[in-house]
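S.K.: One-letter residues, chain by chain:
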Amino acid sequence: MSRVQPTQTDLAPEEAVTLAETVNAAIPKTARFRMPSSHPMEWFAFVFLAVLIVASVFVEFIPGLVRASFPYGDFSQAPQWSLNGLFGTDALGRSILSRVLYGARTTLAIVSVATLISLVIGMVLGMLAGFYRGPVERIVDLYANSMASLPPILVILALISVIGNSVFTMILALGLLDIGTYARIAKGGVIAQNDRDYVLAARAMGASDGRLLVREILPNLVPALTAIVPPLMAGLIITEGSLSFLGYGIPAPAPSWGGMIASSTDLLSRFPLLIFGPIVAIVLTVYSLNTVGDYLARRMSHRGREL
Amino acid sequence: MSDKVSRKTARSAETPALDVFLHDDALLKVRDLSVRYRRGGKTFVAVDGVSFDVAPGETLGLVGESGSGKTTIGRALLKLLPKADTTIGGEVVYDGMDVAALSASGLRAIRSKLQMIFQDPVSSFNPRRKVQDIVGEGLEIQGVGRAERLGRVNRALNDVGMSLQMVEGRRPHQFSGGQCQRIAIARALAVEPELMVCDEPVASLDVSVQAHVINLLQDIRKNRKLALIFISHDLAVVRNVSDKVAVLYMGKIVEIGTGDAIYERPAHPYTRMLLEAVPVPDASHKIVPGPIATQAVSRAMPPSGCRFRLRCPRAQSVCAELEPKLSPMPSGQFAACHFPHDELAPGILAAV
Amino acid sequence: MNLPTNTTPDLAPVQPPILDCRDLSCHFRSPLGPLRVLHNVSFRISRRTTLGIVGESGAGKSMLVKTIMGIAPDGMQISGRILAGGTDVSALNEARRRAFLGRKFGMVFQNPMTSLNPFVRVGRLVEEASRFHLGLGKAQAKALAIELLASVGIPDAAECYSHYPHQFSGGMKQRIMIATALACQPDLLIADEATTALDVTVQKEILDLLQVIQHERQMSMILVTHNLGIVAGRTDEILVLYGGHVVEYGPTETVFSNPRHRYTEALLSAMPRMDQPAHTKLRTIPGRPPDLANPAPGCPFAPRCPAAEVRCHASMPPMTVSADGRHRFACYVPVEAGAATAAADEGRARS
Chain A
1 MSRVQPTQTD LAPEEAVTLA ETVNAAIPKT ARFRMPSSHP MEWFAFVFLA
51 VLIVASVFVE FIPGLVRASF PYGDFSQAPQ WSLNGLFGTD ALGRSILSRV
101 LYGARTTLAI VSVATLISLV IGMVLGMLAG FYRGPVERIV DLYANSMASL
151 PPILVILALI SVIGNSVFTM ILALGLLDIG TYARIAKGGV IAQNDRDYVL
201 AARAMGASDG RLLVREILPN LVPALTAIVP PLMAGLIITE GSLSFLGYGI
251 PAPAPSWGGM IASSTDLLSR FPLLIFGPIV AIVLTVYSLN TVGDYLARRM
301 SHRGREL
Chain B
1001 MSDKVSRKTA RSAETPALDV FLHDDALLKV RDLSVRYRRG GKTFVAVDGV
1051 SFDVAPGETL GLVGESGSGK TTIGRALLKL LPKADTTIGG EVVYDGMDVA
1101 ALSASGLRAI RSKLQMIFQD PVSSFNPRRK VQDIVGEGLE IQGVGRAERL
1151 GRVNRALNDV GMSLQMVEGR RPHQFSGGQC QRIAIARALA VEPELMVCDE
1201 PVASLDVSVQ AHVINLLQDI RKNRKLALIF ISHDLAVVRN VSDKVAVLYM
1251 GKIVEIGTGD AIYERPAHPY TRMLLEAVPV PDASHKIVPG PIATQAVSRA
1301 MPPSGCRFRL RCPRAQSVCA ELEPKLSPMP SGQFAACHFP HDELAPGILA
1351 AV
Chain C
2001 MNLPTNTTPD LAPVQPPILD CRDLSCHFRS PLGPLRVLHN VSFRISRRTT
2051 LGIVGESGAG KSMLVKTIMG IAPDGMQISG RILAGGTDVS ALNEARRRAF
2101 LGRKFGMVFQ NPMTSLNPFV RVGRLVEEAS RFHLGLGKAQ AKALAIELLA
2151 SVGIPDAAEC YSHYPHQFSG GMKQRIMIAT ALACQPDLLI ADEATTALDV
2201 TVQKEILDLL QVIQHERQMS MILVTHNLGI VAGRTDEILV LYGGHVVEYG
2251 PTETVFSNPR HRYTEALLSA MPRMDQPAHT KLRTIPGRPP DLANPAPGCP
2301 FAPRCPAAEV RCHASMPPMT VSADGRHRFA CYVPVEAGAA TAAADEGRAR
2351 S
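Protein chains in written order, with the working numbering: chain A, 1 to 307; chain B, 1001 to 1352; chain C, 2001 to 2351.
No more than 25 Å apart at the CA atoms, straight line, and that leaves these computed lysine to aspartate or glutamate pairs for DMTMM-like:
(1) B/K1079 with A/E137
(2) B/K1222 with B/D1053
(3) C/K2281 with B/E1200
If you're looking for bench data, these hints aren't it; they were derived computationally from the structure.
With these hints in hand, go ahead and build the complete structure from the sequences.
M.R.: Below, the structure is given as structure tokens:
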């Protein structure tokens, strides 16, 4: 087979892509990593989360911070401008800031693991449902819809009655909640891609179903899934907080934000600032996660946009 | 072998004349292909009993408008139709092998021989993958090693006037439409096919880029002895690239023959309507507009008898009762019409 | 372009032209500097004339008509003057300009699938324009809408009045869009690639429809397209755009039979023709469209032009005008006058 003469059209190789790149660059897009310098609130969200994560991981190394279980001061003191007294002390004289940070460690760890479980299982189920349709899709839809209609408290009560109350139970309960959401998003993404030409082209090359799902379809699900992880995590934090508040969370004395609020309710009329710490923590964390989620959603919708 | 022969004679009894057009040594033989979709309880027939042959190195043009089934035929040949709610009937024989009867491994072996190029080159690429991976995908699936793969990818890109160096590290959205289409051709060439289905490959390209891609396809076809099935609604492009042309209307072939026969002496009224509707860059006389009232034609419920009769200026009562079959015409093509045309197409000079 | 604009090329019209564009330029601010989309575009359209604007993607033709209609995207800097029926609309502020132009010009867009609001009944879509611009009452507007729908060939117009867009095919939707554009009895109808998304037989129907309507209502019309075949038999004059510049402008018949600008000639030769035998090698245009961000000095087509000389790269050629004043082209090395392309030869032989 003789070689085809290249059709005499082309500029030198370097020039060929210069045009596309020039016009490409002229239209604003955020494909390259840029700090979210557009908005100070976004800056705040990222910085806050970074600080929170680092602080909760390295709580023991923060100089001057007393242990959470160590009663060091007067009872129920109002917040002061000192490291340990930033959020004041609780009814047992423990530093609320310290407890909040230890609580952050617990909460973040639980929510992260639960999210990971949800994401992986949900994604796999959603991909199978969207790719094969039929009975698989019906089962997954059924699960997602049932989960969406159950109040989280019922789920955890059911689990507690079966396997008792513990960190593992909480992780499992939270993990079950969001599987449906991730599955639905993944399913939608897969269905949208099923008829796309590049999937057909890969089939024409002889790609197996597995290869199609992993190499062609999955990478295009990443944007939507990534963008929704932070807000769902925020939701789990609130759920965990609510469950702890109601007493069904991680058993005391492990610090948890919800538990801290719960134990302060009796004294609220006299010492309203006792709940200041955990509430600030929850609000700022949820806000930051949602803001990061918005940012990711925005960035993801720009990338891959053609000229 | 005797099996095939007996099947052939059985079909010959139904359409004896059509045999002249269908030959045994063709690379691809399609007999009575039909595709039905079930959607919302109703059945839509996208392709209804289509038969044609493609010889090695030959280009068959499939012409039709939306709803004619031409795209569906292309996908059915490569087994790219969705499996759910779709019924495929008829027979597709490639190189002597019945494609429907192949095992999974047999199908994989055939995959590299039959390739496809899509209409929108940009969307036929996964936007998140690099171009060199895209072009090498077929080879990777076949298990070709990385070094050899890069070599073959480079050669395929050279054949379309590009090179590995040009595309290295880049993604599809960094290339223009024409370049993307050439990359798509390179992707198909990399696995060394024998037959390529081109589904409206130049429809989304500018005229100047169209010319490049058409010339490129011609060159490749000649040098590699590729058979092409060229699907398009653009009759001028089809005229340029095809040896044989089949005109499709509502899932059926209404006329099939050599390009010369069809363009010079179109027999079927629909073919004539198509040819007259094509805008020709000739400003020597102003176009006189025809009647403007229109009729809503439902595609789900084709008319009885001849499907074209509601739009046909020649329709008579027999057209509603009896569906016309493909019959031979004086110029050598086959047309399915009770009252076919015989005169030259307007604008064609009579051959001296 | 340094042609004095008060010498009208045609018989001196008693009325001012429906549309008169003078040195229209558009650029768009981008992080890389200004992207010049249009450069000094000048043309005029008189009553009952059809102008074809042709160019490939990126030539600026869509931007040109959007600017004329007043719907150019935000951030587009526009200079030059647009006179509609003698009134200088570029002097008006944006809101008034849109109101004025919406009344005088009607526009039909490319993709009928996405240009009709799917949640609004078809009748209301057609009525909206007449109620807003003409201030018609409900009953009057409805009667007018039904009449318009019938006049564009929709069967059972009275019943279709209350249907939704998705109940119609592509060709019918385009007819509905034409009816919408006609609601205010505009002086000029702009069809921006109106038939690109349609089947070829439907395309012919729609183009025929546009011609008939234009004739009945004595409107002017602009056909914007990349398909030279469409403009060939349906326009009086044709404007060829390349890289945002006008490269050729003149009567359709003259431009087709004797294109002077190298780009026009190349474009005509690059089209496959049905009367050429199969496997004819097509004449191609080397290179690729110009870079909007870094326009080269000189003629935008020079990098791809087989006849380009040094001066073509150095400076933008001025408009040369033919003897009768009607045919203009911007080229230092034009095709010879009187030289006919092969296609025109055959065209003449056929007729």
